[in-house]
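Chains as they are written, first to last, in our numbering: chain D, 374 to 731; chain L, 374 to 731; chain G, 374 to 731; chain E, 374 to 731.
For the record, the hints were derived by calculation from the structure and aren't laboratory data. Bear in mind that the values here come from a model prediction, so they are computed numbers and not experimental data. Glycine included, each C-beta is placed from N, C-alpha and C at the ideal position. All clues stand as given, with none of them false.
In silico DSBU-like cross-links for lysine-lysine, where the CA-CA straight-line distance does not exceed 30 Å:
no., chain 1, residue 1, chain 2, residue 2
1, D, 646, L, 684
2, G, 380, D, 381
3, L, 383, G, 380
4, L, 380, G, 380
5, E, 383, G, 381
6, D, 380, L, 383
7, L, 632, D, 553
8, G, 698, E, 646
9, E, 380, D, 521
10, L, 380, D, 383
11, L, 521, L, 653
12, D, 383, G, 380
13, G, 684, E, 646
14, L, 380, G, 521
15, L, 698, D, 646
16, L, 381, E, 383
17, D, 383, G, 381
18, D, 381, L, 380
19, D, 381, E, 383
20, L, 383, E, 380
21, D, 380, E, 381
22, D, 698, L, 632
23, E, 383, D, 380
24, L, 381, D, 381
25, L, 521, G, 380
26, E, 653, G, 698
27, L, 407, G, 381
28, D, 383, E, 380
29, G, 521, L, 383
30, D, 653, L, 702
31, E, 380, L, 381
32, G, 553, G, 432
33, D, 407, E, 381
34, L, 646, D, 684
35, G, 381, D, 381
36, G, 521, L, 381
37, L, 380, E, 380
Not close to chain D: a few residues of chain G, all C-beta gaps over 10 Å, as computed:
no., residue
38, 411
39, 429
40, 436
Number of protein chains: 4
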Amino acid sequence: MSATWGKKLKITVFGESHSEGIGVVIDGVPAGVKLDFDAIKAEMARRAPNGGEFSTPRKEGDEFELLSGVMDGVAEGTPICALIRNTNTKSSDYSQLRDVMRPSHADYGYRIKYAGFNDIRGGGASSGRLTAPIVFAGAIAKQLLSAKGIEVVSHILSVADVEDKRFETEITGEVINSLKGKTLPLIDGGKEENIRRVISAARADGDSVGGRIECAVVGLPAGFGDPMFESMESVLSSLLFSVPAVKAVEFGSGYAMTKARGSEVNDSWQFDKNGDVVTKTNNNGGVLGGISTGMPVVFNVAIKPTASIFKEQDTVNIATGENVKLSLKGRHDPCIVVRALPVIEAVAALAVYQFVGE
Amino acid sequence: MSATWGKKLKITVFGESHSEGIGVVIDGVPAGVKLDFDAIKAEMARRAPNGGEFSTPRKEGDEFELLSGVMDGVAEGTPICALIRNTNTKSSDYSQLRDVMRPSHADYGYRIKYAGFNDIRGGGASSGRLTAPIVFAGAIAKQLLSAKGIEVVSHILSVADVEDKRFETEITGEVINSLKGKTLPLIDGGKEENIRRVISAARADGDSVGGRIECAVVGLPAGFGDPMFESMESVLSSLLFSVPAVKAVEFGSGYAMTKARGSEVNDSWQFDKNGDVVTKTNNNGGVLGGISTGMPVVFNVAIKPTASIFKEQDTVNIATGENVKLSLKGRHDPCIVVRALPVIEAVAALAVYQFVGE
Amino acid sequence: MSATWGKKLKITVFGESHSEGIGVVIDGVPAGVKLDFDAIKAEMARRAPNGGEFSTPRKEGDEFELLSGVMDGVAEGTPICALIRNTNTKSSDYSQLRDVMRPSHADYGYRIKYAGFNDIRGGGASSGRLTAPIVFAGAIAKQLLSAKGIEVVSHILSVADVEDKRFETEITGEVINSLKGKTLPLIDGGKEENIRRVISAARADGDSVGGRIECAVVGLPAGFGDPMFESMESVLSSLLFSVPAVKAVEFGSGYAMTKARGSEVNDSWQFDKNGDVVTKTNNNGGVLGGISTGMPVVFNVAIKPTASIFKEQDTVNIATGENVKLSLKGRHDPCIVVRALPVIEAVAALAVYQFVGE
Amino acid sequence: MSATWGKKLKITVFGESHSEGIGVVIDGVPAGVKLDFDAIKAEMARRAPNGGEFSTPRKEGDEFELLSGVMDGVAEGTPICALIRNTNTKSSDYSQLRDVMRPSHADYGYRIKYAGFNDIRGGGASSGRLTAPIVFAGAIAKQLLSAKGIEVVSHILSVADVEDKRFETEITGEVINSLKGKTLPLIDGGKEENIRRVISAARADGDSVGGRIECAVVGLPAGFGDPMFESMESVLSSLLFSVPAVKAVEFGSGYAMTKARGSEVNDSWQFDKNGDVVTKTNNNGGVLGGISTGMPVVFNVAIKPTASIFKEQDTVNIATGENVKLSLKGRHDPCIVVRALPVIEAVAALAVYQFVGE
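Next comes chain D alone, as it looks inside the complex:
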C-alpha cells in the first residue's frame, strides 16, 4: 500500500470497502481558510452511488465526520481527518470470491501481494469506494485553487463510441459554468441522449461500457511545474493512474500529434490583445518541458469498461487449481465514467495545488 501522497497538501487514505470506515487525513490546509462544506458534500454526492440510471442501485451517502483540524468551519492548520463510516456492507456475497478471481479486477494481484490476508469483501482496499476520501481532499484542493483564480473542470469526452467535442483552445467562463453541476457534462449537449442510450443498453445486457473524460485546469499561470522528475505531467499522471479503471492519459492532442509534422502541431506563441503571451493552438495541453505555459492544462483519460459484469466469464479458482466459469451477482455500475468525473477533477486539483500551494 502506498496510502500517502503529496507535499503541499499531504493526503493519507485509509479503509477498505467493508471495514469500519474509510477516510483521509489531509495535512497542509493553510490555517484560517474557511472551508465550504456544502461544496464538499456536493462533490461527494457526484461520486456517491445514488441508485440513478448511471449508477449501481446501491446507495451510500458518503457522509463524513470531521475528526480533527477544523474549528467552526475554519481550517486550524493541523491535519484534517474525515471519516466515512461503511454502512452498506452486505458481505454475504463474497465467500465465493475468496478463491475465484474476477477478470480485470485487482483480486489476483492483491492475493499474491498480501498473501491472501487482504479483505476481499467489496474489493477491499481496491474498491472504487476508496475514491470517496480522495474526492473529499480534492474538493478542498479545488477551493484552495479557486481562491487563486484557478478552476478545474471536466466533461465526458466519450462513452463507448459516442463522442463529445474537445475543449476549444480558449476555455471561457461560460463553458466552465455550462459544465458545472451537470450529471452529464458535455460540450455538445446534443450527445446526452446517445450516451444515456448506450449506457442503458449495456446495463440491459448485464454488460458495461467505458469512455473518456477530458479535464482542464483553467487560470494556471505560466511557470509552474518542475523540470525533470516532477513535471506537471508527471505529477498529474501519477495521480490519475491511481484512480481505478484509468488506463491511458493524453495531454493536449496527445496521440494525434504523433501523426502530424512539427510544423502542423507546434503551438505558436503570440501576444494576445491584452498583451499576454498565449499560444494560438494548445496541442501541448498547456505544458511544455514539464512547466505550465499559461494556457489551460488540458488532458484526457481513458476509463475502461467496469470490470464487474453479469455475463458469464472464464476464470480460475486458485484454491482448486481449476479453470472455472464466473457469473457475478450484486450491484454494479454499467459505466463508471459518470461517477469518475469528480474523482478526475479531485486528483487534478490535488496535483496542481502541489505546485501552486503555500
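Given chain D's structure and the hints, the job is docking chains L, G and E onto it.
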C-alpha cells in the same frame, strides 16, 4: 527543478546542455554487483547523436567518467556518480533565443519559472541531452532487473502514419532478441523502409515527425506495485512524462478499451499448460488495481514531432513585446523517436526496479 | 504540521487535545501478522493518565477503535487506522489562554505559525496527548521487532537529582525482564522511594521536575543504519525530538566522551566466547558511522520539567500588549518522565524498524 | 547509503575518500541569487586539513569545480554540482585494514552492511572528508539565510576539560563578529592557550581529545518548525548526527534542565523595550513544541575524541578470526573539534533553511 527521483535506486541528475558537464548520482546499487560497462556504453550509444540518418548531424560521444561508488567494476554500495563532460558546445547560436521563444519548447516556462536566470544555451536544463544520465542509470537498472529474470524491451510502434504491429499477448524470448540491438526495432520488419522514408522526407522539408514507442517489461511476477498512490502505472507514467516530448501514455489496449464493452475486453484468467495463472488477453497491460498480474507490463508512449524545425514559425519576442517570425538554425533531429527508445526503456527499468529491488 | 513519518512503516498522526478524536494511520504492517492487542492496550495504559501518584488526576482510557487494516486480529497489509475519541474535554478553562502565553509551552510559536487559528484547548495539536497514537504505532513496531529477536527496553535514568545506574555494556534478558511491566523501571531499585519523594514534593509545591530516560535496543545485528543522512542516530534522534519535552539526546557515553582521550573511550573489538564480534565497552552506544555495531543501541534523553506548573509566572498578553502574571489551573503531571517511558520506547521501535523492516 | 537530504534545498553527496572525486548536487538554490564563492572557499578552508597545529599534517585544498547550475556566479535555479577531486590519496597504507577493524570507527558496520565491497581506503564513504561537500552546501545555505537576516555562528564550548562560557541569552552582533573568522572561536578568549595545550599534549602522546561545539542561529523569527515529526529540533538533530563523531545534542540548557524544577527553568515571556515578545531566559534554546520562539536557536554537540590514535589498541582480524593488536600509522587529527566547527554550522544552516527557504 526536481532532480532527484526514486527509493530503491535514488537518482539525482544535474547539468545543462552547455554547462561544464552533466551527470547522475545513483544511490542504492547493491554492494557487490558486477556492472557491465560495455552494456552501459552500448545503451548510451543508442541515445547519443551519431550524425546518422535519424539523428542530428551533431556528434557527442557521451563518454562518462566514474567519480565514485565503483571499484574494479564492482558496485561498492555507495553512491555512483557518473560525469559526462559537455564538449560540443558551440554557443554562438543562442543569443537570438534569449528573448525569442521557440514554439513548443520549454523556453517560455523556464523563463518565467527561473526569472530569466536559466542557461538557455542548447535548451539548458530542458535539453534532451539530460536524458543521457538517465540512460546511464537505466542501463544499470536493466542489469539489476535482468539478474532477476526481468527484461525491458521496446519497439517503434509508429512514425507519423507508418504503423508497426503491437506486441502479442505472449512476448517470447525470440521476439525480445529480435528487437535488441536494432537501430529500428520493429515487430513487422517490413515497415523499416517506410519509416526511413517518412523521416527523410521530414528532414528534407526542414520539418519533423513524431511517433509512438511500445515497451514491455517481461518476466515481472504478479504482486508488484502498490495500490493507490504508487500503482505500477503511476510510477511508470510519472517517469515516462519526465522524458521530453512524451505527451501520452497508454497501458495495454488503453484508449481502445473505451470503445468496447466489458465482456469484450475483460482479461479472462486461466491456468496455462504449466499450471501458471495467466490471462488469455492482456488488454490491461499486465497491471490491475496498480499491481502486476504476472503478464508482461505493456505500455506505449506518444512522442511528439521534434519541436525544433527549420521552417519559419510565428512567435514572440518577450523583450520587445512584439510578435515575430523565427527560423531556427543549427542541428536538429528530424524524428526523436529512434533515439528515445533507450530512454523509454531506461525509465521503465528504473520504475520497475522501484518495486522489485532490494 | 508534519504529521507523516517513515518508510517501512509510514505513520500519520491526526487530532488535537479537544477535537472529536485523535488517531494514527499506519501503513506498512506486513499482511498476515497477528497483532497482540492486549500488548498494545498495555502500552497505551502505561502512557495514559490514570490519576495515580505520577500522573495528572485526569483519567483518559485512550481506548481505540480500529477503523481499517485489521481483520480477525490479523493485519491485512493495508493501512491500519486507529481512532481514539476525546472524551474528557472540559474546555471551559481555556478562554484565558487565548492571549496569555504559557511559559515554556508551544503556545506562542503555534499562535504565530497558525495565525491564531489553531485550537488552543488543552494545548491543541501540541498536547502531550498526541503521543497516544504514537504509542499505538510503536507498540506494533515493538511486536514486529520482537519477532526478529529485537527488544526495546527503557528505565528512568534520573528524576531531578536522583540518579539510577546506567545500563551495563551487556544487557541481559534478566535485566530486560526486570524492567518490563514496572511503573518505575529502575536498574537500581533502591532509588524508587527517592524518586517517589522528589515527585511528591514537586507536586505539593505546585511545581514540577524533569529527568532522564535511558533506552536500549537489544538484539539488533550489526550493519543496520545508513551512512550520512539516515544514520541510525539521525533517525532515532529525529523521532526522539518529536516527543514533547525532550531537550537532549546522548548516544552511549555521549558528553562524557568529550572529557576523555581516545585511548580511554575507544571501544575495542574482540571475539567473545561464542566467536561473535563484540566491543569490550560500549561508549559509542552501539552505533559507529551511523551503522549498528551489533552491541545494544543505547541512548538517553533529557525530559524537561513539565512546563505546566501552578506557581505564578511572568508572561505576556498578546492581545493587550501587556506583561502579566499567570497562575495555571487544572490538572497537570508533576513529572512527565514516568508516562514518557512508553513514548520513548515507541519512537525507538519505529526508528529501528525503519532499518530492519520488510 | 542515504546520500540525499532535504526539501527546500535538496542535497546529494557522493564520493569516497580515495575515489576519483567527492562532491555534492544542490537542488533548490533560487534562480538569480549571486553566490559569494570567496565566502564558500573560506568555509571550505576552515574545514580542510591544513597541516596546522589542530590538524592532521595532510594538506588537501578541497578545491571545487562547478559542473552545473551557476552562470557568471549567479544561480540558474537548476541543480548546482560541485566536484572536489581527490588528489592526496596515498593508498598503500590500507592493505592492513581490510580485515583488521579500527576501534570506534565505522569499519565493521560498513563491512557487514556492504558485504566487504566498500572501499576502505581512507575510510571510504565514512571518511570525515565527506563533510567537505556538506560545508560547500552549507556555505550556500548560510548566504541564503544571511539575506534573510539570519546568522549561524558557533564556538568551541570545551575541549577535554577546558570549558568556554556558554552563549548569553541575548547574542549580540558584537559577539557574532568576535567569533567569525577565528580558528579557535571562544567566548572566553582566555581559554585559548589552555585549549592549544590540551590538544598538543594529546598529539604528543599519539592520542586524541574530544570536545563540544555550541552553535546559535540568530535572527530566526518565531513560528518556524513543524510540530510533530519535523520539529526544528528533529531536523537539526537529524543532520547533526549525520556528522561523524557527533554523539550527543543538547538544545538550550538540555540536561541541566532535568536537575531543576519547572519554576526554575521555565522561560518567562515578556515584551522587551521594543515591544517584541522575548523570553527572559532561553533554557529551551529558542524552540518550544518544535517551533522557533524568536529567541536564538541554541544547541551544542558532543564530538568524541578522534577515533584514530597511534597508541596500540585491541581489536579483531575478521579474516583470521583472531584478537589482535593494532597500531595505526599515517596522518590523523589529534582533535577534530576545530575542523568540525564549519561542518556544524553548515548543517545548522541547511536545517534552518529547510523551514525558512523559498
